[in-house]
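Residue-level listing of the chains:
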Amino acid sequence: MTDTARPETPVPSRGRAGLLSRLPRTFMFGVLILGTLVLIAIFPEFFAPYDPLAFDYSAVLQPPSAAHPFGTDNFGRDVLSRVIHASTINLQIAIFATITPFVFGTLLGAVVGYVGGIAETIFGRVVDAVITFPFLVLVIAIVSVLGPGLVNMYIAVGLVGWVFYARIIAAEVKVQKRLDYADAGRAMGYTHTRIVFRHLLPNSVTPAIVYWMTDMALAILLGSSLGYLGLGAQPPAAEWGVQIAEGKNFMATAWWISVFPGIAIVITGLGFSLLGDGLADLLRTRK
Amino acid sequence: MTTPLLTAEAVSKDFLFARTIAERFTGRPARTVHALNGVSLEVRRGETLGIVGESGCGKSTLARCLVRLHECDAGRVTFEGADIAMLSGADRRAFNRRVQMIFQDPYSSLNPRMTVRQILAEALSVHGMVPRDRVDDRIAELLTLVRLPQDAATKYPHEFSGGQRQRIGIARALSVEPEVLVADELVSALDVSVQAQVVNLLLELQERLELTLVFVAHDLRLVRHISHRVAVMYLGQVVEVAPTEELFERPRHPYTQALLKAAPSLDPSTRTRKVAAKGELPSPSNLPSGCLFHTRCPHVFDRCRSDAPGLTSRGPGHVAACHLANPGIEGPA
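Those sequence lines, one after another, are chains P and F.
First residue of the first sequence? That's 1 in this note's numbering, and the numbers climb one at a time after it.
First residue of the second sequence? That's 1 in this note's numbering, and the numbers climb one at a time after it.
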């Protein structure tokens, strides 16, 4: 399940010696963090010292120690093992909740930006209608109708999230289509499809890709929020938001149950943000 | 006389401004820019036709209408006698292939994310110019033709200078083996030293490939150097057309005379401070009545304010749109 596209794969097509040293430092840090995370997410059994679901009533609410570096929760489950196993679900959320909006929003935005006119007007009204509602409220509403669970969360985020990508791309394509290279394509007799997807889109997609990286971080936070509210991943599955929710009654006495998954969220978000910043540098059109 | 290859017949083109909020509320129509006001022009096979005029006179709009990047609002453009607005499907693709355009801005006219090879290969494959296994050979030929090194193929546009980019643009246009090239301000964005290189290359290619060239520019000396015939545009109309030397030696339209006088001369003894055309170019969204030039013409008289003069003959291949037969010298025609 976790052999999905690794975020660190996009590398510039021109392979040359010294390429590594020319990469932006933020990009390298982002790749380092996310690379490690992806490795952990693919082989959690290899890294986790215990079964994440195994109860151990002889070691309940243990503080961090050599045997349990992140402590144990109220059922005696090893928090470290649960954080490690949760990374699988959380990275899945980051990717699956955002890939459909990214692809669909990008394609639709490119067409709308190119066609303009009435299509753009209708699109503008739809966007206005969607962004009038706070994102989380809308997603919670949809999940409540469809029922809790990860798949329904992906659907809910997909129904709302494409708007942001489409808006970014439509604005960018609108600028690009006025440039001479688009006219050159038309004068060559190229089809509209070719001009939009072969010429305009590659020159417009960078801001959407950068936003996508941030959006993956946001999706993890959203997944955690929904998990916390009981609408996302369901217990006893290990998921960082669910873990934080489970620890909330023990905050005063056993802070480690909530704090370590929280740190995991922060690090993952940081990784995506750095990768997004680095990609922005890397994909910027050279003039 | 040979039959014209490409003609514009009374072509008009308007552009609408987006309506302002005030205009929407008061119900006034959107303002219109009259970019072309009945342009008539012939391009003959094998010739170089220069089109000159000051900024904003509609030169570029005309160039874009000739290759059908703009549709005309009135009038028509014909290619080998057929109205190009009626072409569709394979005919339209064939027209696009046979009539190519080269753009002014060497920085925005090439897709920054495609290598030179990709740019040329795309044109070659879309029009099926050569079999797939010959594409690389053809690209090498094209690069030699425009005098770019062979390793240029793997590079991106940003790795080239302005003059080199224009030559890539020329190579792209030539890749589909066109008969007509419309060059819109081909070298005005380049340094003077590079301009000569690019222009001479174009002239050489024209001779070798028997191209018909429409050369749009505002640089009179350049146009004089390369054109067989020159058309002068003012406010979206052609006011005078003549063989190059005839036009430069005996201009018959007051605007052409003003334009030639305004061009800086290399000979200090001919320097003058006299202004040949007074005032500013009128707004193309609010055109003068009668002859469009009457607001600035030194020879204006009553008839100019009411009647628009048509293009009338002034000698072999020489036409001008003025009520005076020989403005500045004689009385009314």
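One should not assume that every hint holds.
Said to hold, decoys possible - Examples of chain P residues toward chain F, derived with CB under 7 Å: (1) Gln62; (2) Pro63; (3) Ala67; (4) Val175; (5) Leu179; (6) Tyr181; (7) Pro207.
Stated by the list, open to error - Okay, the calculated bits of chain F under chain P, using three or more residues with CB under 8 Å as the criterion: (8) 101-110; (9) 206-219.
To be verified - Distance windows between CB atoms, simulated: (10) P/Ile267 / F/Thr32: 54 to 62 Å; (11) P/Arg194 / F/Pro149: 26 to 34 Å; (12) F/Asp133 / P/Asp281: 34 to 42 Å.
Honestly, the hints are just simulated from the structure, not real lab data.
C-beta atoms are modelled at their ideal positions from N, C-alpha and C, and glycine is treated no differently.
Hint by hint, where does the structure go against what was stated? Just the numbers, ascending.
Hints 1, 2, 3, 4, 7 and 9 contradicted; others consistent.
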